[in-house]
Amino acid sequence: MNAEEIIMSSTAAALTSPRIERSPSHIATIYLKEAKYEFLKNLRLRMYTASVLSFPLMFYVLFGLVLNAKEAIAGTSVPMYLIATYGTFGVMGASLFGTASGLASDRGLGWLQVKRASPMPPFAYFIAKVVVSMIFSGIVVLALILLGFAFGGVRFPLGEMTKLVGTLVMGSVPFSAMGLAIGYFAGPQSAPATINLIYLPMSFCSGLWVPFMFLPKVVRQIALVLPPYHLSQLALGIVGAGKHESGATHWEVLFAFTMICLGIARIGFQRDQDKLYG
Amino acid sequence: MMPLLAEKFGKPPSQRNGESKKSQREKSMATVTILDPSPFAASTASAPTVASLEAVSKNYEQIRALRSVDFEVHAGEVVALLGPNGAGKTTAVKLLLGLSQPTAGKVRVFGGDPTNPANRTRTGAMLQVGKVPETLRVREHIDLFSSYYGNPLPLAEVLSAAGLEKISDRKFGDLSGGQRQRVLFGLAICGNPDLLFLDEPTVGLDVESRRALWEEIRVLVQRGKTVLLTTHYLEEADALADRIAVINQGSIVAEGTPDEIKAKTSGKRIRCVTSLSLAALRRIPGVVEVREDRDAVEISASVAEPVVRQLLVQDATLSGLEVTSAGLEEAFLALTQESNKDDTQE
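Top to bottom, those sequences are chains D and E. Positions 1 to 278 (the working numbering) are the ones given, in order, by the first sequence. Positions 1001 to 1346 (the working numbering) are the ones given, in order, by the second sequence.
Over the 12 Å line for every Cβ pair with chain E, so calculated as not near, a few chain D residues:
1) 67
2) 71
3) 255
List time: in silico DSBU-like cross-link candidates among lysine-lysine, alpha-carbon distance up to 35 Å:
4) D:115 to D:41
5) D:217 to D:70
6) D:243 to D:70
7) E:1166 to D:36
8) D:217 to D:163
9) D:115 to D:33
10) E:1131 to D:41
11) D:243 to D:163
12) E:1131 to E:1171
13) D:163 to D:33
14) D:70 to D:163
15) E:1171 to D:41
16) E:1171 to D:36
17) D:33 to E:1131
18) D:36 to D:163
19) D:115 to E:1166
20) E:1166 to D:41
21) E:1264 to E:1106
22) E:1131 to D:36
23) D:163 to D:41
24) E:1131 to E:1106
25) D:217 to D:243
26) D:115 to E:1131
27) D:115 to E:1106
28) D:36 to D:115
29) E:1106 to E:1262
30) D:33 to E:1166
31) D:33 to E:1171
32) E:1131 to E:1166
33) E:1171 to D:115
Example chain D residues on the side facing chain E (calculated, C-beta under 8 Å, incomplete):
34) 20
35) 22
36) 29
37) 33
38) 40
39) 41
40) 109
FYI, nobody ran anything at the bench for these hints, they're computed from the structure. The beta-carbon is built from N, C-alpha and C at its ideal position, and this holds for glycine as well.
Please work from the sequences and hints to get the whole structure.
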């Protein structure tokens, strides 16, 4: 290498901030390990599994299997109907708690700085959180279906069941995005309370606890702008209890909501780039 | 560019001590080396600069964390940034790690931008962390961090270098303070980096854990790594570093070998009950400062014996005589007095 080449390459280095030379398999390994350990971390966190898995399942057993099991709503049996709504509730919890509380704590208490100082690809951290939220969402939905199948006489064609699980797992994405936005603006201690403050009223107003048609009119109008309402309508559509709005509209709302949340998270990310903790 | 630099830095540990001293004399030359493309210059100059702050200032809203600091780390040396809490040590490390941007001045690592991801594969960092994910096991944490690097150390080697063999299956949340620090140390070294940043590595540790960690750092240094550590213990800087930079209120107020710094800071404190007036005490040669403390006086002096001799001669009734080494607090006071004076003159 001669003098000019060295100068040029060092100038280029300063200007373009070159990527690390990594093989695709190395990159895949990093993303996989990041997700694997994020999964293990949450699985062993009793706070997480207890609130995320047990609450929707407990509600379902109580209101869908012990009580009301023989009733029907909008022509769909209650155990079937509630898989869609408590499924949405479970997905929301798994995604919000899976992203926001970990991120707020990692940010606020210095762990994210250690990771940022390492050569970790920044996206690996976020992707891991979203993917793991989707996995836990899938677990909640499958557990609900299993309970309904075993004790509530729920019967699905396999195709519809796949569609229901797929829809709800995809529905994890907007709430993971929302969790990232919350995680960037909530403090490490206040994040869980902030999540509950958003999560619980939103669930109620979207008809996840009390079937939508039994809600007061004003609440039903509020619901139209709430993402859990749109996800639950997509799920209810699959089990035959939708309000026959176009599915595309629901997806559009969820997509727009995701983009808004990612935009907010990005503002938080940039704000964090130059902030000192501790 | 990169392989060329790697060659320069990858030198046998036996040369390390000699070079680091030389590097102080040739500091300015070494700065040039990295930009100077001539192979002849590269071969004659000693250890090149691997990290530098050039007239770097950093403000956080009202706080001036760093004030036009010039500072360099040369390949193969161990440098300690020594200073009290809030002096700007952590800020300097975060700038060098590319975790924050300077308000003014230039930060360089391996001749380039510290945020350059390729540089990060050559650095390791041990930072002060409030909370580490507690449900992961020690070896899982290390496995994950090792995966980020292209050429990591084998897990067994990291575990043994950081003294973690016996606790590798424990969850982080179940570890003691000293063990937690060792895990963070393990994460800093697992990628086999050339340059290591250790921010207050032994803060909050008991004496035994502190010494154990010092041993681990020394082993690393013997392998020819470059280390920048921050500390507020003079003893720690003395035990580990080739060179110490004393930092206070965002400025470097003294720089030199541990012996040079100790010479500047080794004051004595003389305490006694005496009938002599404060003015008379101040007239004794060698007295730096006198202050009243209840019924006794406290005298600061660079050397105690001549002052004590004079005290005994001048006051036959003198009692309660005690001579102690000045603590680091006095040392900083002494070193920073000059810089504070400059400030008031401005």
